[in-house]
Amino acid sequence: MRVLGLHLAVLGLLGVLQLVLPPFHHGMVARIMVLAAYAIGYNLLLGYTGLMSLGHATFFAAGMYGAGLTIHHWGFGVAGAFLAGLVAALAASAVVGVITLRTAGPAFLIVTMMLAQAFYLATLYFNELTMGEQGFVLSGLRVGFGGRGVDLTEPVVKYNVALGLLAVCLLGSLAFVRSPAGRVLVALRENEERTQLLGYNTYRLRLVAVLASGLTSGVAGVTYTLLFSYVGSTFAGVLYSIYPLLWTLLGGSGTTLGPLVGTLLMTYAVDVASGVTDAYLVVVGVVLVGAILWAPAGVVGGIRARWARWLP
Amino acid sequence: MDLGPHLFLALLEGLVGAFVLALTALGLSLVFGVMRIVNVAHGTFFMLGAVVTWYVSTLTGSFLVALLAAPLAVGAVAILADRLVLRPIGYEPESTIVATIGLLYILEQVVLMTYGPYARPVAAPIYFRVDFPWFGYSGYKLVVAAVAGVLLVLAWLALWRTTLGLHLRATQQDREMAQAFAVPVERVYTLAFGLGGGLTALAGALIVPVQQAHYLMGLDALLMSFVVVILGGLGSLRGTVVAALVVGLSDGAVSVLFSPTLAKIVATLLVGLVLAVRGRGLFGEESA
Amino acid sequence: MSHNGDGAVGLSRRRFLTAGAAVALGAGLPGPRVPRADAQAGSGPLRLGFQVHRTGIGAVYGRWYERTTTAAVKLINEKGGIAGRPVEIVAEDDGTDPKRGAEVVEKLATQHKVDLIFGTLFSHVVIGSAPRAGQLKIPYLVVSEGYHVASGRLNRYVFQPGITDVRAQVTAVAPWILKNLGKKATLIFPDYAFGHDHRDFFSRVATAQGGTIRALVPIPPTETSFTKYFPRVPADTEVLYHVMVGPGVLTFVKEMGEHFAARRPQIFGFVDSLEGVDLASPGLDFLEGTYFWEAFPRYAGAGTPAHVRTYRERVGVNDVGASVNDPRDVSTFSHMFGCWETLHVIKAAVEKSGYKKPGPADYKALIETLEGFQSFAEGIEHPQGPKRFVGRLHQVFGQQVISRVQKRRLEVVHRTAVEDSMYPPEADYTKQPL
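Chains as they are written, first to last, in the numbering used here: chain P, 3 to 314; chain W, 13 to 300; chain G, 66 to 499.
The set of hints was computed from the structure by calculation and includes no laboratory data. Here a beta-carbon is modelled for each residue, glycine too, at the ideal position from N, C-alpha and C. Be careful, since some hints might not be right.
Stated by the list, open to error - Derived CB-CB ranges, DEER-like:
id, chain 1, residue 1, chain 2, residue 2, range
1, W, R48, P, L103, 18 to 26 Å
2, W, A192, P, R308, 30 to 38 Å
3, W, R141, G, G145, 41 to 49 Å
4, W, F144, P, G277, 51 to 59 Å
5, W, T175, P, E195, 33 to 41 Å
6, P, D153, G, E484, 41 to 49 Å
7, P, G79, G, G354, 52 to 60 Å
What the hints assert, rightly or not - Derived coverage of chain W by chain P (criterion: at least 3 residues anywhere in the stretch with Cβ under 8 Å from a Cβ of chain P; other residues may be distant):
id, region
8, 90 to 101
9, 107 to 115
10, 231 to 240
11, 269 to 280
Given the sequences, and given the hints that come with them, work out the whole structure.
Here you go:
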């Protein structure tokens with residue numbers, strides 16, 4: 003049906019684009035795709051469950067550190083590191099999910115922020131292990147496909163791994179929100195009490211939502227570090243919790259394509275503006291204000307409201 | 013230093029910090045409570061208060077003139093932002109977040125381009141050292157705490173004894189009902205946003221002789237204000253003040269017991285866990 | 066807002082969205098403002114990518130780095146450029162952020178196609194960006210002061226030829242501190258890499274020379290108020306060693322003064338705390354009689370050599386280290402010379418190696434030439450002082466200066482020899498493949 007077709011077309015377009023993009027944009031788009039996956043994870047919680055978190059950097063960074071530390075200190079291979087990152091993200095999601103089980107709205111916002119802040123400080127505190135703010139570099143990352151394997155930092159590999167990640171997350175989120183479980187989450191977002199009255203165990207649902215969201219964000223973190231070779235506390239900081247919120251809201255929370263659009267828009271707004279003027283943040287700020295004035299529900303949200311109500 | 017004096021010093025510091033934090037957060041509490049929006053640029057207003065204070069006190073040589081000018085100037089900026097941006101998007105919560113992030117970028121960059129990246133000091137209007145037997149302490153900091161305390165009392169009086177205060181409280185409690193009672197809600201919103209900006213700018217102005225004015229100083233103020241407003245309970249100004257005291261004093265006490273970074277971790281987790289257990293905060297209303 | 070039924074719209078959504086995506090990307094596609102054909106043929110301007118902290122916490126340094134770079138390039142071009150080619154600077158802001166830093170490296174290398182990249186200061190940005198330079202195989206010259214280059218943890222494309230690193234600085238000054246100020250030291254430092262380097266290297270040298278570390282006080286990076294940490298300084302501390310940096314530094318010094326007043330121990334700091342800050346600021350009176358490490362003395366006086374005066378004039382700095390155009394605009398004098406000297410090293414390396422254009426062969430020659438350098442003489446090209454270069458570490462070594470605050474000025478009391486700062490090398494980049 004046309005929804006699936008649209009999503010596949012977007013992915014297909016991105017796939018084809020790599021053949022025509024000049025080197026700089028090739029790298030930028032690869033980066034954007036991984037970060038868009040992060041935003042998609044974030045949107046699962048914000049747009050579809052109605053929970054706004056200010057602590058998603060914890061999940062992203064947990065994935066990052068899970069993979070990075072195992073490679074750096076214990077010589078794991080890429081596959082093992084990937085798994086380690088997933089496990090770390092899942093663990094972080096579980097902890098956060100359990101602690102925030104009974105909180106909603108503003109309290110949820112602050113509790114997630116506090117937990118994320120504590121995690122960030124912990125990465126600084128244990129700097130013998132994590133190298134703190136300075137971070138460390140991963141090198142020689144190869145994925146084995148028989149023989150010497152494939153170098154993860156090769157542009158073609160990087161782009162397609164990022165595309166693969168985005169595809170999985172995008173299509174996964176599409177499937178999830180249209181599944182019965184997904185619909186119940188939307189019900190939860192609309193009215194928690196009523197959903198409870200209908201017999202659903204809202205606590206379990208919320209936990210599942212947090213786990214799904216955290217895991218997705220964590221996978222993005224793992225992929226980011228494997229492709230871009232750097233692990234550092236900066237990615238656990240509050241700014242990296244604000245970014246997915248910004249990207250998602252700008253693109254349109256509660257839409258599957260919104261996070262991708264938002265990430266793309268913001269990243270290029272910064273890049274284009276900084277090529278034009280030193281005061282690029284003013285331009286970006288104006289773009290943000292303008293965009294939200296035109297489309298308070300985000301770009302894709304605005305498109306959906308005006309022209310395409312069938313967009314998920 | 014022995015534990016006793018060390019604890020005393022830490023608590024003293026915590027108290028000063030708490031008062032300033034209460035004043036900083038009061039503006040946010042007002043905005044959040046009355047308008048139910050998240051103003052991500054709240055910390056930027058704090059920073060603007062400090063920067064304007066630097067400009068005015070450098071130009072006029074008088075800190076007191078600056079103390080008057082800063083909240084007025086920043087309040088005006090806030091009202092402008094409300095008219096141009098917030099009102100058109102109808103104070104929708106999520107859009108407001110994006111819009112105020114845009115505002116944050118714009119204001120920060122403008123300050124960077126005009127004021128520069130430096131952290132510039134302002135001379136305190138009164139400078140004296142209080143000599144305790146074990147350590148020296150800044151007299152001005154004690155003055156700041158006292159002034160903040162007075163301002164908090166004045167704010168409380170204004171809220172409970174004036175018509176404007178009545179309108180603010182009414183709008184906060186129930187917007188539709190207030191409208192039915194002929195409270196000019198739109199104007200109240202604008203005023204609330206302006207007051208919120210002005211109050212936090214005042215806190216920034218007071219604190220600038222202690223810290224310096226730097227274009228990035230707003231982030232910390234923003235985050236701490238949020239914590240305190242929500243910990244105190246949405247819609248409760250008393251809660252905000254109490255939460256500020258709790259956070260400030262516990263921060264001080266914890267810093268004595270643990271190494272600095274660990275202390276911060278513990279303090280952060282404490283706040284998070286309190287809220288996890290009691291979601292509505294210390295004085296918040298039970299959500300209907 | 067339109068309320069047309071969906072059927073009324075002729076354009077298919079799919080096409081609209083893909084068109085939209087194409088437009089968005091197209092808006093960013095490069096429209097080169099500089100013809101690049103010449104550079105690629107080895108003639109035409111030599112284009113140097115400048116990764117600068119224009120915004121973010123490094124902005125003060127970035128501003129002065131940019132001014133110094135502009136001045137150096139002007140001088141070089143007046144004298145005929147590099148290998149007869151005029152030098153052109155292509156600057157990009159990295160926001161003092163490691164993620165953006167890596168993007169900037171990419172942009173400079175693949176979009177602007179510069180010959181090489183220089184200019185990064187903050188350690189976490191260097192470490193976040195350097196891998197990308199190594200992957201893109203473009204020389205990356207940092208002006209950072211961090212020990213990360215010489216530690217061997219980066220890659221063979223990374224060099225630090227214009228500024229000395231923290232380990233060398235500490236190694237040079239520690240013996241003087243122990244001999245002249247006291248043997249029992251307490252360290253106050255920011256709880257991240259820069260501070261840890263000071264902690265580790267000072268502790269190592271101090272204990273090896275008979276000193277003791279009485280206490281370590283690590284301060285969390287975002288701290289704005291420091292009073293509550295001073296009680297951790299033991300009463301029998303003979304010398305307090307501090308390296309606080311960031312916007313809170315003035316607060317730190319003021320509160321230190323309020324806390325200790327006349328009962329203070331000897332105090333030794335690093336001028337990093339005061340870069341961009343006027344020593345005559347209110348509340349800094351407490352610093353009178355305390356000591357600071359400087360790389361390059363901020364205050365000029367009767368003994369200032371001619372080439373240093375020329376340097377100061379060119380960069381636009383007056384005798385007290387502030388901008389000639391605005392005396393309130395204080396420079397980052399102990400760091401920014403790194404850009405000037407790096408550019409002159411680039412000149413020497415390009416001219417000696419016969420480098421023409423980006424490419425494996427030319428880069429190999431350039432890198433091997435750089436690794437072959439042994440020393441740089443003091444003069445207008447290296448105004449900070451004479452240098453020794455250790456090829457295998459990709460790191461330069463120089464003199465370090467110890468100054469005392471006297472009547473709100475910094476007066477030099479000791480200058481270390483270059484050799485005093487040279488620690489045993491722990492890495493060898495020359496063994497790595499390119």
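**Prompt:** Hint by hint, which ones does this structure get wrong, listed from lowest number up?
**Reply:** 3
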